[in-house]
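Colleague: Take the given structure of chain H and dock chain C to it, following the hints.
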Amino acid sequence: MNAETNTFNGNNGGMLKVSLVYMVVGFVVFLLMGLLGLLMRLNHAGIFLLPSDWFYRIMTLHGSGMVAASLLFSMGGFAAVLSKSVKLSPRILWTAFFIYFLGAGFVIIATLIGGFGAGWTVLHPLPYQSGGAWGLWAAIAMYLGYLFVAVGFLLYCLNMLYAVVVKYGGLGKALAWEYLFSGGRKGGDNLPSPVELVAAVVAIDGAITVVAGAILLIPMFANAAGLIEVVDALFAKNLLFLFGHTLVNLNIYLAAGLVYAILPVYTNRKWETKWPVALALNLVIILVLLPYFHHLYQDFSQTFFLHVVGVIGSYGVAIPAFVVTIIGSMALIYRSGMRWAVPSVLIALGLWGWTFGGMGALLDSTIPVNQVMHNTQWVVGHFHTYWLMGAVAFSLGYMYHLINELSHSEESGTSRMAAWLYGLGSAGFVLMFFLSGANSVPRRYATYLPDWHTYPTVAVVFVLILTVGLLILTLEMLGRLKGAWQGTSG
Amino acid sequence: MPIFANVAWAHHPIRETLPTHSYGHNLGDYLLWDWRLDVCIILLIGSLVYTLGWLRLRRQGHLRLASRKRLVFYQSGLLSIALALISPIDALVDVLFFVHMLQHELLIFLIPPLLLAGQPLLFCLWGLPASLRLKLGGMFVSRHPIRHTLTFMTTPIVAFLVSVFVLWGWHHPVAYNLALKNELAHDLEHISFFLAFLLYWWPLIGSPPQRSRLLTNVKRGFYLVVSAIQTALLGGLITFANDVLYPHYLTIPRIVNWAVLTDQQFGGAIMWLPGPIIYGLAALLTMKDE
Chain H
1 MNAETNTFNG NNGGMLKVSL VYMVVGFVVF LLMGLLGLLM RLNHAGIFLL PSDWFYRIMT
61 LHGSGMVAAS LLFSMGGFAA VLSKSVKLSP RILWTAFFIY FLGAGFVIIA TLIGGFGAGW
121 TVLHPLPYQS GGAWGLWAAI AMYLGYLFVA VGFLLYCLNM LYAVVVKYGG LGKALAWEYL
181 FSGGRKGGDN LPSPVELVAA VVAIDGAITV VAGAILLIPM FANAAGLIEV VDALFAKNLL
241 FLFGHTLVNL NIYLAAGLVY AILPVYTNRK WETKWPVALA LNLVIILVLL PYFHHLYQDF
301 SQTFFLHVVG VIGSYGVAIP AFVVTIIGSM ALIYRSGMRW AVPSVLIALG LWGWTFGGMG
361 ALLDSTIPVN QVMHNTQWVV GHFHTYWLMG AVAFSLGYMY HLINELSHSE ESGTSRMAAW
421 LYGLGSAGFV LMFFLSGANS VPRRYATYLP DWHTYPTVAV VFVLILTVGL LILTLEMLGR
481 LKGAWQGTSG
Chain C
491 MPIFANVAWA HHPIRETLPT HSYGHNLGDY LLWDWRLDVC IILLIGSLVY TLGWLRLRRQ
551 GHLRLASRKR LVFYQSGLLS IALALISPID ALVDVLFFVH MLQHELLIFL IPPLLLAGQP
611 LLFCLWGLPA SLRLKLGGMF VSRHPIRHTL TFMTTPIVAF LVSVFVLWGW HHPVAYNLAL
671 KNELAHDLEH ISFFLAFLLY WWPLIGSPPQ RSRLLTNVKR GFYLVVSAIQ TALLGGLITF
731 ANDVLYPHYL TIPRIVNWAV LTDQQFGGAI MWLPGPIIYG LAALLTMKDE
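Sequence order for the protein chains is H and C. The opening position of the first sequence corresponds to residue 1 in the working numbering, with each subsequent residue numbered one higher. The opening position of the second sequence corresponds to residue 491 in the working numbering, with each subsequent residue numbered one higher.
Looking at chain C on its own, in the form it has when it is part of the complex:
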């Protein structure tokens, strides 16, 4: 019994009743890049401003701070955003659950840590004109409400709870189906995933103006373990569900020969089975030989 049992969509009784005109019927219909202007502009500006700041700090002799490694981390983060939001991955999320889960993995496990490791606020501020830099930089001094809010939100317990709430909330069938049917809700879903997990990774990685809040291996270890457990639990519940949790996928043509439930099981597995690699890597990069 192979994982991807062939279940012919052509013979599925529900297919005849569905409005399939807005969906392609072949995989090839989805293998296109969607150059969304809003996303492209944000990524380009983000890349330019950061690079400018990075160059400026290097010219001032801060070679250790403005290291090549940081530039690579940050730009890789931006490239990963492009991969998640304008590559064929984004087109396929409407029709394949497991691709949607793959996209979420990028948004929560890869992109936030990469960006944070690049110390984006610092370099982006230095990439701005001096007057604007002083004005915006003032928002991050210790007594400013924005800094207060950031400090509170990156408290480990708060950041963790926000990430759990957002992750579980958006995987509730009602919220999930809404995101697939409404473009605005879908964007909101992605933004909230990204921001929630930016908060989650912040206390662990530490990025100016907030230093790492988890100062010992045990604290870092506990923080990672509880997160890994809740992610695995959600992924496990989706993988082992006996029914289709997200009916949206029953209402569209299948572009691959997998049953909807098979697609759901695979998507659930993507959520939790790479966990030891992701969190093991996080441990390797954040733990200290103290």
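Isolated chain H (complex conformation):
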């Protein structure tokens, strides 16, 4: 049997295999969706013009595909990390993968064959009232695709929650409540690790999110079948964003869990559960459900009180994220003599991406700013920053680390350079979105005025830099994948 590594403990080979499948599939879909994104930017730059209907189809597929890919990518990495300390079921994770992957496939068929182009946010009533641009079945396929993705994610969450709860003998212990509510005086001898705490928090919020999605989809399907005539658009938007916005936020928490696993390896310092960590992650359970209201500031019929909740939630959730992961990471890195390798470079980039993306989000969640900026490319800039430079960078860093570790490979100077190219390309690419937004270039427009062409043209150059970096890392990982696979078994 191979020697134990930071991830392989001699018993979790089956889990590492399914985790690798999640990560590889998530990464490949991310690359494919990235190509669609490049097509859109080429269209915006006036270099390669797409018909408008195809632009919206591609925009819809790119958005929903990226969410699904990035989430799957981080789910795989997180399951690998968690399997080192708790017993997860590969069978359940395979089942979850099938339901999730095939559900995501519906989106491809609904957009590319069915012509659906209402955006990944599928805001009611547009999906059902397309003016002939697509049929009703395309909308139903989209909604069903989302449902299955959600069910797959729910299975994944329940598997994690069950495993953590069984290990610690109860939900309260899995969330370190005794330790938390005693001010750190009791229960400190059997504390869950930060990764296990994240698992419990994400699983609870994941279940809530899926319930919100189900509450929305029941009337949507009843409406499609003609059983009910009207679904309130504001009700639908609230539940949709409670589902979608929370899901993408949980994606980042899963990816942040990977930071807890990697940084100790490269800094030679342990990341332990301290009282502020336990408090912050417990607060996240509630706070992560609130920021979505900032997407509804411009809905005049929404009560003002909920706008205020949106502001408080958006700022509130930033504090624990900042304290736990960013300050914690900085503290771990500071004077540690951290080894600069591909994973640590990507983690560092990810921390910057998360910080800047989060700042962009905070600005957008400030009501007067939101009134001006929300429908511009500013918002596109903020979520691309914390995904491309944040969540995906964390997941990519972890996958690279895992493949090298399992295949007993060493990285080269070229691959370190590729990681920096990824960072440089990503930063330039998202900067163009922010600058476009600051200059009031609208989002979700297929056709651009000639005055707006400069930003996407420059962005395309940065995408090419990003592509070179990704290509080098991809080829390197591809060559080592077989060895990594063999490294998961005895």
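Hints are computed from structural coordinates only; laboratory data are not their basis. Values in this document were obtained by computation on a predicted structure and should not be read as measured data. One or more hints might be untrue.
As the list claims (entries may be wrong) - Here are the in silico distance ranges between beta carbons for each label pair:
hint, chain 1, residue 1, chain 2, residue 2, range
1, C, Phe712, H, Ala222, 32 to 40 Å
2, C, Val716, H, Leu171, 33 to 41 Å
3, C, Trp523, H, Gly172, 56 to 64 Å
4, C, Trp658, H, Ser336, 55 to 63 Å
5, C, Asp677, H, Arg444, 49 to 57 Å
6, H, Asp53, C, Met629, 57 to 65 Å
Stated by the list, open to error - Over the 10 Å line for every Cβ pair with chain H, so calculated as not near, a few chain C residues:
hint, residue
7, Tyr520
8, Ser537
9, Gln593
10, Leu615
11, Thr639
12, Ile647
13, Val652
14, Val654
15, Asn672
16, Leu705
17, Ala749
Heads up, the beta-carbon is just placed ideally off N, CA and C, and yes, glycines get one too.
Modeller: Here is chain C on its own, set in the frame of chain H:
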């Protein structure tokens, strides 16, 4: 805009020109069981022989092999065949496309795995008299041509390709319309669906004399995923087709208030939208906590 948009067949221009005498005009005309003698005899014999073999093996002390679970799987498979071929489902397939798709789903996704999980060859052989059992059993020893053929046909790549060919082939408008107009072709369609997907599920489930050929989760996963993708693609193409693909349904009276295209879209959706449930369930039952 509800899914089932009301399009009045009574006003359809093509209706006046059609020979409608052989078709009922009301849904009630089709809600009858068609006790086809050939199907009933085959099902009864299949059930009796299997049960006899199952009892015989239990009496010999093979309680684990002859488990109740296997009996339930097999008999449920036979009941599902009855549901697909002699219940009102079979009567309705001539007039409603979506019911035909429902029937096909039973024949390819439900019946073969249920029967295979019951290990039919083993128990049916033990249900036969000893002399016949030895004679027929000899066909499944390793050097017999029938066993060779079975081994080849249940190779995952072969089984998969056969299932794809049969599924896509019969959904070609020419083949499909032929099946609806000719009883023999229709029976051939059903038999080929059943046999092709019996082959498809065999390497995954494994049933004597052939063990499962897909020994790791990754192999099982890949096998399931590629099948799910091709089924979804076919279903998606049918659902999103702008025209009626199977003109047969334009030539008969509508017994429900749906347009032919609406019926076609619903039928196409039945083919692919339950996919994650079907394949998710298959994954749950065949994957191992290895």
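Colleague: Each hint should be assessed against the structure and marked as holding or not.
Modeller: Here is how each hint holds up against the structure:
Remark: the range hint 32 to 40 Å for C:Phe712 to H:Ala222 is upheld by a beta-carbon distance near 37 Å. Our hint of 33 to 41 Å for C:Val716 and H:Leu171 holds, since their Cβ atoms are close to 40 Å apart. Between C:Trp523 and H:Gly172 the beta carbons are some 57 Å apart, a value that agrees with the proposed interval 56 to 64 Å. Taking 55 to 63 Å as the suggested C-beta distance range, the pair C:Trp658 and H:Ser336 conforms, at roughly 59 Å.
A C-beta distance of roughly 53 Å is found between C:Asp677 and H:Arg444, which places it inside the suggested range of 49 to 57 Å. Our hint of 57 to 65 Å for H:Asp53 and C:Met629 holds, since their Cβ atoms are close to 59 Å apart. Against the 10 Å criterion, C:Tyr520 stays outside the reach of chain H, whose nearest CB is about 22 Å from its own CB. Listed as a non-interface residue, C:Ser537 keeps its Cβ farther than 10 Å from every Cβ of chain H; the least gap is roughly 32 Å.
Under the 10 Å C-beta cut-off, the non-interface status given to C:Gln593 relative to chain H holds; the minimum distance is some 21 Å. Distance check for C:Leu615 against chain H: the nearest CB is about 32 Å away, which clears 10 Å, and the non-interface claim stands. The non-interface label for C:Thr639 is consistent with chain H: the shortest C-beta to C-beta separation is roughly 31 Å, beyond 10 Å. At roughly 20 Å, the least C-beta separation between C:Ile647 and chain H is larger than 10 Å, which holds for a residue marked as non-interface.
Annotated as non-interface, C:Val652 keeps its C-beta farther than 10 Å from every C-beta of chain H; the closest such distance is 22 Å. At the 10 Å boundary, the C-beta of C:Val654 stays outside the reach of chain H, the nearest C-beta of that chain being 17 Å off. No Cβ of chain H approaches the Cβ of C:Asn672 within 10 Å, the least distance being about 31 Å, so the stated non-interface status holds. Annotated as non-interface, C:Leu705 keeps its C-beta farther than 10 Å from every C-beta of chain H; the closest such distance is 13 Å.
Residue-level check passed: C:Ala749 sits 12 Å from the nearest beta carbon of chain H, beyond 10 Å.
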